[in-house]
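Colleague: Dock chain B against the given chain A, drawing on the hints supplied.
Sequence order for the protein chains is A and B.
Counting in our numbering, the first sequence runs from 283 upward without gaps.
Counting in our numbering, the second sequence runs from 283 upward without gaps.
If you're looking for bench data, these hints aren't it; they were derived computationally from the structure.
On a predicted model such as this, the values are computed, not experimentally measured, just so you know.
In this text, a Cβ means the ideal position worked out from N, Cα and C, and glycines have one as well.
Treat each hint with caution, since some may be false.
What follows is a list of derived Cβ distance ranges for each label pair [what the hints assert, rightly or not]:
| # | chain 1 | residue 1 | chain 2 | residue 2 | range |
| --- | --- | --- | --- | --- | --- |
| 1 | B | Asp616 | A | Pro439 | 53 to 61 angstroms |
| 2 | B | Tyr584 | A | Ala297 | 53 to 61 angstroms |
| 3 | A | Pro356 | B | Pro656 | 28 to 36 angstroms |
| 4 | B | Pro538 | A | Lys591 | 36 to 44 angstroms |
| 5 | A | Pro498 | B | Met311 | 49 to 57 angstroms |
| 6 | B | Ala666 | A | Gly345 | 28 to 36 angstroms |
Here are some, though not all, of the chain B residues that point toward chain A, as calculated from beta-carbon distances under 10 angstroms [said to hold, decoys possible]:
| # | residue |
| --- | --- |
| 7 | Gly387 |
| 8 | His415 |
| 9 | Gly438 |
| 10 | Pro498 |
Just so you have them, the derived chain A footprint on chain B, three or more residues with Cβ under 8 angstroms [as the list claims (entries may be wrong)]:
| # | region |
| --- | --- |
| 11 | 298 to 310 |
| 12 | 322 to 336 |
| 13 | 343 to 350 |
| 14 | 416 to 426 |
| 15 | 444 to 458 |
| 16 | 523 to 531 |
| 17 | 541 to 550 |
The chain contents come next:
Protein chains: 2
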Amino acid sequence: MSQPSRIAERMDAIAPFHVMDLLARARRMERDGRSIVHMEIGEPDFPTPGPIIAAGRQALAEGRTHYTPALGLPALREAIASYYATRYGVEIDPDRVVVTPGASGALHLLLAVLVDPGRKVLLSDPGYPCNRHLVRLVDGVPVSIPVEAEGGYQLGPAHIAAYWDAQTVAAMVASPSNPTGTILGQAELSDLAKAVFARDGHLIVDEIYHGLVYGPHPPTALSVSDDIFVINSFSKYFGMTGWRLGWLIAPQAYIPALDRLAQNLFLAAPTPAQYAALSAFGNETMAIMEARRAEFQQRRDYLLPALRKIGFAIDAEPAGAFYLYAKASRFTDDSFTLANRLLDEVGVAVTPGIDFGTHRAHEYLRFAYTTTMPKLEEGVARLAAFLK
Amino acid sequence: MSQPSRIAERMDAIAPFHVMDLLARARRMERDGRSIVHMEIGEPDFPTPGPIIAAGRQALAEGRTHYTPALGLPALREAIASYYATRYGVEIDPDRVVVTPGASGALHLLLAVLVDPGRKVLLSDPGYPCNRHLVRLVDGVPVSIPVEAEGGYQLGPAHIAAYWDAQTVAAMVASPSNPTGTILGQAELSDLAKAVFARDGHLIVDEIYHGLVYGPHPPTALSVSDDIFVINSFSKYFGMTGWRLGWLIAPQAYIPALDRLAQNLFLAAPTPAQYAALSAFGNETMAIMEARRAEFQQRRDYLLPALRKIGFAIDAEPAGAFYLYAKASRFTDDSFTLANRLLDEVGVAVTPGIDFGTHRAHEYLRFAYTTTMPKLEEGVARLAAFLK
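Next up, chain A with everything else stripped away, as it sits in the complex:
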């Protein structure tokens, strides 16, 4: 009864992350005794802060292991709403907060509610590749718009005007952006929202790297309009990647549909993670997060000039996240091959530009500063020696 394999066509559009193969190869090299400097990993090297761990352990000891409501623990939805008031001075009704299994869960849920098959969603290229794949997964059409350093690698009203058509239903931006680390200010968010809303479209803003910024804190898009969909996560700033916990702030009118779909799609976000996250906004945790932010800033402040000195061009000032998107065109016209050579020949793992799109992707490498200062210095020394 052996069966031939038959796979849905949408899978053709879902590219593998090249960095996963590279990471797997780097791990094998490490097992073989090679020293590897990891600058490819999109995950903070810090563990979850102690108070969150303690709250998670306490919740387990108390037997908090049953399902929560699909939209999340009421106390957590209130805590998230309060966070917007204290951090951003923005009032959010807790009823508008949807707690999700990671930001991926939030975006997938949202796209399923907003995007009919064949409808288009505008995205930046370069951009986080899962976003366009999640559009494909609901059989929408991701429209990758080439963005340049001059515009901070971000979509602006001119892009919306040029690419929006009758099939387009939404535009999505990320601030701070992965892979570029660039942010959108209040005026830029407002101009974007006007351009999208003038076309009766939805604006989705990914703020999962909020908090990890190295200058003035950017505003949340919710300070521009309550009609913007904002996605955030406990993964990056709060150091809770493996717990799989994120959230979505949506206009009130969409909450019943999001609730109904969440009940079917994932029932609820993980319960231990939700109880643990109740401790994420306390003063003790925030002090830890701020110390980590300072550490990330120190790394960025070291790595940015160091890479420039070697000969990489970093044209748009990265103000957040933990990435530098560096033009390597002085060294190669094929950054994928360069990334592989860097790993093989000097044991430095970085992510090739093609993981983030196709626009000039072969010119770029992404450096993640998710490792310690001594490791970064070692990596830079190896790069300098190899590329000189």
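Modeller: Just chain B now, kept in the frame of chain A:
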């Protein structure tokens, strides 16, 4: 800049769970001081077993909070494969195990890989409603096939022959089934697989209530063929609902696509849950689970004749899960209204048949024995008094 709400058409097909409204109303009544007997809840009343809790707490103390590989912790994939060897005598390559955020995550991932837009998936009516909604979510077409007590409320080869057409790509069954508790034996699974494979289709078997059976243990569908897709979960038998952890066993040829999509769809299952689940298969945990199974059996052995005595008809012997699907046609031709009256008038919460489909749904109620014996006895007494 206020926006009108626009929601994707697929949401029209995603019905709310009526039981959620009923549950919310029951909770409000309890807050107002009413005594409610809950026989609507599809979740074990037991907490997660101690050894699993302890392992979860230990993992947190050790800082196991980063992402795992998308397919799951290698040690957990091996433990799941070993479980098939010890419990079922079936050899499974650990490479074929995909660890997922709950069985919902497993089914959604699988349907996205198997079902192109417009393609059909055969399902039983009555059946677990999320299944048809998840088919809709990938823009497939769920074909709900009326099933009768005589066939154990299960799909058989005759249904496959009658309903399969050129657009059909898969059939899905559950054993034990929700809401009927009926199971499929080796011969039935084999006949189904032959019928589906003869049409070059996929067979998906939901085994999330495996372990919770009150007679001979049914075989896993994997003992029939390695080409069957089997979904299972730590939620029900292992008492880990809120942790959101399940798994999928797939033929080897599908693993690369499942891996690629899992990376995009949810990155990985929750890390603390995966470490905790490493303790699920130990002797100490299994002894706890078996004691709970005995408790569920005692409840079923009480409730089944008690409901029949009142006048409910339970025509197909429920041999697993924790549900009784009872025909209430002696009392009503509108079980939804009856469910609401039972809650309002005697404080007994049950799930109306319409949550599980449309076929004769108005004749049926689902009773969950996820509460204690004294509560069940109280519920039966109230039902008897009300319906006499």
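Colleague: Could you tell me which of the numbered hints above are not met by this structure, giving the numbers in increasing order?
Modeller: 9, 10, 15
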